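Q: Sequence:
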Amino acid sequence: MGNARTPISIQFFLVAILFILFDLEIVLLLPTPWSMSINPPNTTIVLITALLVILTL
Numbered sequence: 073m074g075n076a077r078t079p080i081s082i083q084f085f086l087v088a089i090l091f092i093l094f095d096l097e098i099v100l101l102l103p104t105p106w107s108m109s110i111n112p113p114n115t116t117i118v119l120i121t122a123l124l125v126i127l128t129l
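If you count by my numbering, then the sequence shown holds residues 73 to 129, one letter each, in order.
Don't read these hints as lab results, they were simulated from the structure. Treat the hints with caution; some may be incorrect.
To be verified - Simulated restraints on C-beta separations: (1) Ile126 - Trp106: 16 to 22 angstroms; (2) Asn75 - Val118: 48 to 54 angstroms; (3) Asn114 - Leu86: 35 to 41 angstroms; (4) Met108 - Pro79: 43 to 49 angstroms; (5) Leu119 - Phe94: 16 to 22 angstroms; (6) Ile98 - Leu129: 16 to 22 angstroms; (7) Leu93 - Ile117: 20 to 26 angstroms; (8) Thr78 - Asn114: 51 to 57 angstroms; (9) Leu86 - Thr121: 25 to 31 angstroms; (10) Leu127 - Phe84: 19 to 25 angstroms; (11) Val87 - Ile120: 24 to 30 angstroms; (12) Ile120 - Ile89: 21 to 27 angstroms.
Source: prediction; values computed, not measured. The C-beta atom is built at its ideal place from N, Cα and C for all residues, glycine as well.
Construct all of the structure, not just a fragment, from the sequences and the given hints.
A: Right under this line is the structure:
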């Protein structure tokens, strides 16, 4: 029976977490051009700013 806990470096986890965070931001900000054409630009800018503030906290 092998050892189930193989050591993995912390750098791997840091890179994975950064990738997930940036991927999440891209997925959430991708529909911005369509939102600019549907909603008034001021509303869209406020919503994007709120999203970025929430993601950076």
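Q: Taking the hints in turn, state whether each one holds.
A: Status of each hint after checking the structure:
no.: 1; hint: Ile126 - Trp106: 16 to 22 angstroms; in the structure: holds (21 angstroms)
no.: 2; hint: Asn75 - Val118: 48 to 54 angstroms; in the structure: holds (52 angstroms)
no.: 3; hint: Asn114 - Leu86: 35 to 41 angstroms; in the structure: holds (37 angstroms)
no.: 4; hint: Met108 - Pro79: 43 to 49 angstroms; in the structure: holds (48 angstroms)
no.: 5; hint: Leu119 - Phe94: 16 to 22 angstroms; in the structure: holds (19 angstroms)
no.: 6; hint: Ile98 - Leu129: 16 to 22 angstroms; in the structure: holds (19 angstroms)
no.: 7; hint: Leu93 - Ile117: 20 to 26 angstroms; in the structure: holds (22 angstroms)
no.: 8; hint: Thr78 - Asn114: 51 to 57 angstroms; in the structure: holds (52 angstroms)
no.: 9; hint: Leu86 - Thr121: 25 to 31 angstroms; in the structure: holds (27 angstroms)
no.: 10; hint: Leu127 - Phe84: 19 to 25 angstroms; in the structure: holds (22 angstroms)
no.: 11; hint: Val87 - Ile120: 24 to 30 angstroms; in the structure: holds (26 angstroms)
no.: 12; hint: Ile120 - Ile89: 21 to 27 angstroms; in the structure: holds (23 angstroms)
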